[in-house]
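Sequence lines, in order, name chains A and B. Under our numbering, the residue at position 92 of the first sequence is numbered 124, and the numbers go up by one with no gaps. Under our numbering, the residue at position 567 of the second sequence is numbered 615, and the numbers go up by one with no gaps.
If you are wondering where the hints come from, they were derived from the structure by calculation, not from laboratory data. There could be a bad hint or two in this list.
[Unchecked claim] What follows is a list of derived Cβ distance ranges for each label pair:
1) B:K612 - A:D84: 45 to 53 Å
2) A:D202 - B:Q162: 35 to 43 Å
3) B:D481 - A:Q69: 51 to 59 Å
Note that CB positions come from ideal geometry on N, CA and C, so glycine has one too.
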Amino acid sequence: MENEGKVDFTKQVDAKEPEKKCKCKDKFLEELFKTYQPIKDNLIQMLNEIQDHYGYVPMDVQKELSEFLKVPMAEVYGVVTFYSRFTLKPKGKYSISVCLGTACYVKGAQKIMDRLQERLKIGEGETTEDGKYSIEAQRCVGACGLAPVFTVNGKVYGKATVKLLDSVLDELETSN
Amino acid sequence: MKTLEQIHQIREEKRKELDLRVNTKLDTREKHILVCHGTGCTSSNSPEILEEFRRILKEKNIENVRVIKTGCFGLCAKGPIVIIRPEDTFYAMVKPEDCEEIIQKHIVEGEVVQRLLCKDIDGKKVQSLDELTFYKKQKRIALKNCGVINPEEIDEYIAFDGYKALEKVLKEMTPDSVIEEISKSGLRGRGGAGFPTGKKWELTKVNEADQKYVVCNADEGDPGAFMDRSILEGDPHSVLEAMMIAGYAIGATKGFIYVRAEYPIAVKRFQIAIDQARDYGILGKNIFGTDFEFDVQIRLGAGAFVCGEETALLESIEGKRGQPRVKPPYPAVSGLWGKPTLINNVETYANITRIILNGADWYFSIGTENSKGTKVFALGGNVNNIGLVEVPMGTTLREIVYDIGGGIPNKREFKAAQTGGPSGGCIPAQYLDTPIDYESLKEIGSMMGSGGMIIMDDTKCMVNLSKFYLEFTVSESCGKCTPCRIGTKRMLEILEKLCNGKGELSDIDKLEKLAHNIIKSSVCGLGQTAPNPVLSSLKYFRDEFEEHAVDKNCRTKECKAISKIMIDPEKCKACGLCQKVCPVGAIQGELRDKREIDQSKCIKCGTCLASCPFKAIN
Numbered sequence: 033m034e035n036e037g038k039v040d041f042t043k044q045v046d047a048k049e050p051e052k053k054c055k056c057k058d059k060f061l062e063e064l065f066k067t068y069q070p071i072k073d074n075l076i077q078m079l080n081e082i083q084d085h086y087g088y089v090p091m092d093v094q095k096e097l098s099e100f101l102k103v104p105m106a107e108v109y110g111v112v113t114f115y116s117r118f119t120l121k122p123k124g125k126y127s128i129s130v131c132l133g134t135a136c137y138v139k140g141a142q143k144i145m146d147r148l149q150e151r152l153k154i155g156e157g158e159t160t161e162d163g164k165y166s167i168e169a170q171r172c173v174g175a176c177g178l179a180p181v182f183t184v185n186g187k188v189y190g191k192a193t194v195k196l197l198d199s200v201l202d203e204l205e206t207s208n
Numbered sequence: 049m050k051t052l053e054q055i056h057q058i059r060e061e062k063r064k065e066l067d068l069r070v071n072t073k074l075d076t077r078e079k080h081i082l083v084c085h086g087t088g089c090t091s092s093n094s095p096e097i098l099e100e101f102r103r104i105l106k107e108k109n110i111e112n113v114r115v116i117k118t119g120c121f122g123l124c125a126k127g128p129i130v131i132i133r134p135e136d137t138f139y140a141m142v143k144p145e146d147c148e149e150i151i152q153k154h155i156v157e158g159e160v161v162q163r164l165l166c167k168d169i170d171g172k173k174v175q176s177l178d179e180l181t182f183y184k185k186q187k188r189i190a191l192k193n194c195g196v197i198n199p200e201e202i203d204e205y206i207a208f209d210g211y212k213a214l215e216k217v218l219k220e221m222t223p224d225s226v227i228e229e230i231s232k233s234g235l236r237g238r239g240g241a242g243f244p245t246g247k248k249w250e251l252t253k254v255n256e257a258d259q260k261y262v263v264c265n266a267d268e269g270d271p272g273a274f275m276d277r278s279i280l281e282g283d284p285h286s287v288l289e290a291m292m293i294a295g296y297a298i299g300a301t302k303g304f305i306y307v308r309a310e311y312p313i314a315v316k317r318f319q320i321a322i323d324q325a326r327d328y329g330i331l332g333k334n335i336f337g338t339d340f341e342f343d344v345q346i347r348l349g350a351g352a353f354v355c356g357e358e359t360a361l362l363e364s365i366e367g368k369r370g371q372p373r374v375k376p377p378y379p380a381v382s383g384l385w386g387k388p389t390l391i392n393n394v395e396t397y398a399n400i401t402r403i404i405l406n407g408a409d410w411y412f413s414i415g416t417e418n419s420k421g422t423k424v425f426a427l428g429g430n431v432n433n434i435g436l437v438e439v440p441m442g443t444t445l446r447e448i449v450y451d452i453g454g455g456i457p458n459k460r461e462f463k464a465a466q467t468g469g470p471s472g473g474c475i476p477a478q479y480l481d482t483p484i485d486y487e488s489l490k491e492i493g494s495m496m497g498s499g500g501m502i503i504m505d506d507t508k509c510m511v512n513l514s515k516f517y518l519e520f521t522v523s524e525s526c527g528k529c530t531p532c533r534i535g536t537k538r539m540l541e542i543l544e545k546l547c548n549g550k551g552e553l554s555d556i557d558k559l560e561k562l563a564h565n566i567i568k569s570s571v572c573g574l575g576q577t578a579p580n581p582v583l584s585s586l587k588y589f590r591d592e593f594e595e596h597a598v599d600k601n602c603r604t605k606e607c608k609a610i611s612k613i614m615i616d617p618e619k620c621k622a623c624g625l626c627q628k629v630c631p632v633g634a635i636q637g638e639l640r641d642k643r644e645i646d647q648s649k650c651i652k653c654g655t656c657l658a659s660c661p662f663k664a665i666n
């Protein structure tokens, strides 16, 4: 319980085989459909759980959901693409987010973001080809006292500098 | 289930047990070690510190000492923070390795660990929280319990008059008298626009319906604002209790709280609060033996700024895309599923119980003529004491920045304060002495907003900042109405032109005209306020815009396309610091030589600018 606010490292998404996980109604979906009543109001709540579980919202899960809630597929897709928390593609094994909230921005978060994109050679919202890294821009983590901050799979690195980012990336590079 | 008598008993017994939290003079052998568990301190490892304290205490077999997790103390920049009560010793930037020393020296030997004390703005080390200038000018009403109680223990909340206001309301007051009390207090909505809260309650009450709803807006999307989150993390029951009081006043039995999914700790603590209240029979049917019933559910947001707009929020609770509705009808008439709905934000609710218990007159006596009570600000940016502050309305910006905030770091000049986030504007130095309230901020072209306050020093480019806010609005515009969807995009393009040195003087006029059109014709609050940051920057810093357009120059060097970084040979003392920090090795020069920048290698990151102790680089 004391680990609140941190993402479990063991829960990483396996980017190589996303398809296999959601070909059919797996155990997770079955459980999910048992806990929620099939009414439209529950759509966003269920999508939140789906995003947390798979790391993204796969298309065939959207289809299942549309049948379960009796909501047209277009509407489910519309909701998924409206909210920035839901993604259609799996994130990298290491999901790196740079906070671009105003407090961090004023303290130079853009430099961190620029450097990150330069090193990983991908843009914001993209995943590297090997599925190892993805970059996201975040709007305020709430740790403004530590600004600027970036997070790796939810672990917060505060008072960040280009140097700190470099050393964290170097470490991830050698980790496997 | 607990009866009212049992709750009274808990209050009395627990209050005695917790007296040392608020009474610094208390003569007791007991000690409470409070460890901040707000998001800021949690991010810098406070849970590990808590564990370490517990482990050491167990290992050394020390009794009479309890380690407690609390909500935010406010001074986030100095985290992780540990406070020892009753003597109220304030330790800053504590590391897990320091725990042993704190226990041995402070707890066992009774000596203060000097090296971990916090420095005040005059450089002197202070021992207790109240001695810090940061706290002296604050008045804590909404944040009263934050940092005092364990937010995950309902008994601790009850000990400090928790659920007493609800009892008073249910047993002694009619719904009308509750609304009258809130109206008399002068409380206005803390979400930003400042609509009188009592009036809102009354409007919702007069609409008859078989079902009404109470909604708490905790979708704090303004980047750089974290007031609501800290309240939910530090004192969730006070919001829950206020929602129940509101339910009683307007005749609703169901409540929803809409929280950002990015706030996992707040969500978790609020859920614990709901569960505990249900367990005690405080939430449910026949509350306190009356026929009043109420229940609350949490709904998670999914990262859309527009959902902070009340009608978009309602759409989102209903499971749809968060697109605002056309008003009227207002939610008080037709809200959630077409039923009358009351929507207030977290901080507004956090004031309710104090008003009921202390009386409307007490609340009315605080603040300015038209803005009563206090306001919580999330102070951030280029200021020494970053953190959460609560001040009476009418406090000046100067007091917030220089006394509470401890001034601007690196001896830089204050340039502007940004309030109201992407809907607000900036306040330049000439208004430092304006007392802050709803009206005065509006007059000078900004707005109160939800409470984000970002301080900027003279290294910040206002054109670039305007661009930053427009980027935000463009990506967060829901797309429903054309002026906001397309208009803000065109504004952003003009600002990008200016920042890249491709703008012309006429662009500034176009920008202004477009801004006014968007304000006039957008559907919701997001579009109607989106041009504010640009307009207020134009009002006070027009010369900077013109400089970008005509001279193709950015005086702060933030707009990289039109700035070169140079080292002034007159001022350079050849210390070599810049050479060390340069990430691309563009700075050359031997040991005692003055340094030079190789423009072909320079990526204009500006790291050297900040590193130079002689301000020789610009």
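Item to complete: Go ahead and decide if the range 35 to 43 Å is satisfied by the Cβ distance of D202 of chain A to Q162 of chain B.
Response: holds, 37 Å
Worksheet item: Cβ-Cβ distance between D481 of chain B and Q69 of chain A: within 51 to 59 Å?
Response: holds, 57 Å
Worksheet item: In this structure, is the beta-carbon distance linking K612 of chain B and D84 of chain A contained in 45 to 53 Å?
Response: holds, 47 Å
Violated hints for the displayed structure: none, as all numbered hints are satisfied.
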